[in-house]
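Residue numbers (the working numbering), protein chains in the order written: chain A, -3 to 110; chain B, 489 to 601.
Check before you lean on any hint, since a few could be wrong.
For lysine to aspartate or glutamate, the following EDC-like pairs were computed, each having C-alpha atoms within a straight-line distance of at most 16 Å [stated by the list, open to error]:
| id | chain 1 | residue 1 | chain 2 | residue 2 |
| --- | --- | --- | --- | --- |
| 1 | A | LYS1 | B | ASP526 |
| 2 | A | LYS97 | B | ASP561 |
| 3 | A | LYS67 | A | GLU52 |
| 4 | A | LYS38 | B | GLU547 |
| 5 | A | LYS11 | A | ASP49 |
| 6 | A | LYS11 | A | ASP75 |
| 7 | A | LYS67 | A | ASP49 |
| 8 | A | LYS53 | A | ASP27 |
| 9 | A | LYS97 | A | GLU52 |
No lab work stands behind these hints, which were simulated from the structure alone.
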Amino acid sequence: QQQVKQSPQSLIVQKGGIPIINCAYENTAFDYFPWYQQFPGKGPALLIAIRPDVSEKKEGRFTISFNKSAKQFSLHIMDSQPGDSATYFCAASASFEGAQKLVFGQGTRLTINP
Amino acid sequence: IAGITQAPTSQILAAGRRMTLRCTQDMRHNAMYWYRQDLGLGLRLIHYSNTAGTTGKGEVPDGYSVSRANTDDFPLTLASAVPSQTSVYFCASRQGPSNSPLHFGNGTRLTVT
Chain A
-3 QQQVKQSPQS
7 LIVQKGGIPI
17 INCAYENTAF
27 DYFPWYQQFP
37 GKGPALLIAI
47 RPDVSEKKEG
57 RFTISFNKSA
67 KQFSLHIMDS
77 QPGDSATYFC
87 AASASFEGAQ
97 KLVFGQGTRL
107 TINP
Chain B
489 IAGITQAPTS
499 QILAAGRRMT
509 LRCTQDMRHN
519 AMYWYRQDLG
529 LGLRLIHYSN
539 TAGTTGKGEV
549 PDGYSVSRAN
559 TDDFPLTLAS
569 AVPSQTSVYF
579 CASRQGPSNS
589 PLHFGNGTRL
599 TVT
């Protein structure tokens, strides 16, 4: 119930295309859904986040779509660039056993070809 | 530059040896975390600490221990390393509630032979 399932595992898109990464969760206790971006040799860094009372959030070229009833959320990257090539992780946060915990998806390795 | 420092950057360790991964943050964050990253499995929580003096178990705590003697330091110890502990280990911290950003170090790549 604490799992977050992410797909696809890898994705290759041409420059200018719109990659979409999907995540699904089971536990309705999750109340915060961030996306992290990770470049090779670096730790993940927060990219964008959404709360379940909002269906969409946009920051620059990055958009999160959230479907509370389906318990699914996705990341869309508009006008993708080679510099967006990275590994992306979705995550979900809630209080478990008295502590705030962040559960990550399995990650998506995104490649944007020039 | 404020942030999280992890050491060593990488390490090759013989099975059965003891190893401590170091993590120091200078942001005065209350909560700190240790994750391991494995291909296809994402980031899995090993141990966490909500504040100095307290620790808790995450999703995959077996074979690992932590301590939190002060706010800044959160070392992770492998008492007797096994090959399945070969992974990239990330330390992270955050201030405040669950909707505050998690700050990560650059990781320690550990190979247990």
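field: Hints violated by the structure (numbers, ascending)
entry: 2, 4, 5, 9
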